[in-house]
Amino acid sequence: MLSVFFYKNRKVLAFLLLLIVSFTMMGTSSTSFTLNLKSIVLTIIYPFEYVINGIFNFFRSLWEGLGEIETLKKELLRTQARLKKYEELDSSIQTLQRRNAHLERLLDERKQVRYEHVLASIVGKDPQNYYQSFIIDKGSSDGVAERMPVIAYENGKIGIVGRVTMTTPFSALVTTIRGSRTWVGAILEASRYYGMVRGNGMSAHCLIEYVDVGAPAKNGDVVVTSGHSDIYPRGLSIGILTNVQRDKGQFFLKAEVAPTINFAKLENVYVVKKLPSPEIEKLEKEQKKL
Amino acid sequence: MRNTLIIALLIVFFGLLQSTVFVDILRIDEVKPDLLLIVIAFVAFKRGGMAGQLTGFAAGMLQHFFSPVLFGSYAFVFTVVGFVLGLTQHKVNAENFITSAVLVFIATIIKGLALGILALLFVEIGDFYPSNVSGGLLLELVINPILAGPLFWMMNRFAAPAMR
Numbered sequence: 001m002l003s004v005f006f007y008k009n010r011k012v013l014a015f016l017l018l019l020i021v022s023f024t025m026m027g028t029s030s031t032s033f034t035l036n037l038k039s040i041v042l043t044i045i046y047p048f049e050y051v052i053n054g055i056f057n058f059f060r061s062l063w064e065g066l067g068e069i070e071t072l073k074k075e076l077l078r079t080q081a082r083l084k085k086y087e088e089l090d091s092s093i094q095t096l097q098r099r100n101a102h103l104e105r106l107l108d109e110r111k112q113v114r115y116e117h118v119l120a121s122i123v124g125k126d127p128q129n130y131y132q133s134f135i136i137d138k139g140s141s142d143g144v145a146e147r148m149p150v151i152a153y154e155n156g157k158i159g160i161v162g163r164v165t166m167t168t169p170f171s172a173l174v175t176t177i178r179g180s181r182t183w184v185g186a187i188l189e190a191s192r193y194y195g196m197v198r199g200n201g202m203s204a205h206c207l208i209e210y211v212d213v214g215a216p217a218k219n220g221d222v223v224v225t226s227g228h229s230d231i232y233p234r235g236l237s238i239g240i241l242t243n244v245q246r247d248k249g250q251f252f253l254k255a256e257v258a259p260t261i262n263f264a265k266l267e268n269v270y271v272v273k274k275l276p277s278p279e280i281e282k283l284e285k286e287q288k289k290l
Numbered sequence: 001m002r003n004t005l006i007i008a009l010l011i012v013f014f015g016l017l018q019s020t021v022f023v024d025i026l027r028i029d030e031v032k033p034d035l036l037l038i039v040i041a042f043v044a045f046k047r048g049g050m051a052g053q054l055t056g057f058a059a060g061m062l063q064h065f066f067s068p069v070l071f072g073s074y075a076f077v078f079t080v081v082g083f084v085l086g087l088t089q090h091k092v093n094a095e096n097f098i099t100s101a102v103l104v105f106i107a108t109i110i111k112g113l114a115l116g117i118l119a120l121l122f123v124e125i126g127d128f129y130p131s132n133v134s135g136g137l138l139l140e141l142v143i144n145p146i147l148a149g150p151l152f153w154m155m156n157r158f159a160a161p162a163m164r
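These protein sequence lines map, in sequence, to chains A and B. The numbering of the first sequence is our numbering, which starts it at 1 and goes up by one. The numbering of the second sequence is our numbering, which starts it at 1 and goes up by one.
Mixed in with the good hints, there may be bad ones.
[Said to hold, decoys possible] Derived pair list, reagent style BS3-like, types lysine-lysine, alpha-carbon separation capped at 27 Å:
1) A:285 / A:274
2) A:265 / A:138
3) A:138 / A:274
4) B:91 / A:273
5) A:8 / B:91
6) A:11 / A:157
What the hints contain is simulated information worked out from the structure, not anything from laboratory work.
Bound conformation, chain A alone (with noise of 0.2 Å):
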């Protein structure tokens, strides 16, 4: 009788079982043994990835490449018309020219990056659309260790990424701004309140907590790091405020924060080779003991 029932409702109960499983993952989601689980198959992966970026890259290149030449062509009409000297210019000086601004433009934007750094691309991206994380191509073999700060640079501003979360010999996980359950001491750099600024999820923007109500904080004012979690250096740009909100009765206002850095677009990631003091370690430890 009871196996009857089973085999006709066989699908439903698969689909419970399935949600319940779902559910004891989500509650147990903490545990050491997914982390080490991922940091086998992220070590799996990891050169899948590569090539696919490696080939991506090529056919890109080859298609800017042809858009080049396309320009080229037209140049090169229009300079035979004028001056026949320039009948023979070489294609390539414009494709040299243009690889040598890039790298022009990465080494000023290197200068500028104040800190002892990795420079990593990225090769692997969040699946869904919320970019809480990357797989970059610089991993402990280069010097890039847990909880190693990451920054980008955009539109002349030097802008925090996220953190590494996780190290494999050539590759690493580096969980964003936006990710759940990253934390970051803020401080508005105009009214120098602080704050915490965390991911919101699914959002695409950040929230600021903990900054006190009566702080002249408004749409558009700058967020930087503040130096007090100890992952983060002093300084530097997280975003701009937005939809600020004062509830009354509340010790705190509310307002989200709109990343200096646009997570769709970034290619390019400095890892800062700072860590941690080893006593603020300690103390965090103790005090999740507690």
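Since the structure of chain A is provided, determine the placement of chain B on it from the hints.
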């Protein structure tokens, strides 16, 4: 056994592809298509709810290796998608670009609703409304159905004959 192997290969292939920068060429603004969602919709439509939900669960688990999102949340979301879309097996006779687009459109809505439910239950998932509905998910409702036709055609051509 052969069916399971082919479905597993589809999940692994599209799952890995989804996490590479290759998918960025299909991106609109910040939003990239969800290739695995399309695979789940295909399997559920072809093989029914049981295969759909198991595929969804496996695909969700795979995504957790690339993402710090609350472990198990994607498994939950894609299991629901697979189960619900499995109900369409043998109920939709015509199979063309329009039906596949409609199926994937529905799958994207279910995914959004399931994420919304989880966002109400778990703070780690984050606030669901309104910023995401107005942004990412709305764009996904456009981009996923557009890609559904070509991907269904590809899977029908290469994977479906071996699944019979």
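Item to check | Pairwise hint evaluation, residue 274 of chain A against residue 285 of chain A, where the allowed Cα distance is 27 Å at most | outcome: 19 Å, holds
Item to check | Pair hint residue 265 of chain A and residue 138 of chain A, alpha-carbon separation not exceeding 27 Å | outcome: 19 Å, holds
Item to check | 27 Å Cα cutoff - pair residue 8 of chain A, residue 91 of chain B | outcome: 20 Å, holds
Checklist entry - Does the alpha-carbon distance linking residue 91 of chain B and residue 273 of chain A stay inside the 27 Å limit? => result Measuring from Cα to Cα gives roughly 58 Å; hence the hint is violated.
Next on the checklist: residue 11 of chain A and residue 157 of chain A were given as a pair; does the straight-line alpha-carbon distance stay at or below 27 Å?
Outcome noted: 54 Å, violated
Checklist entry - Are the Cα positions of residue 138 of chain A and residue 274 of chain A separated by 27 Å at most? => result 15 Å, holds
The structure does not agree with the numbered hints 4, 6 stated previously, though it agrees with the rest.
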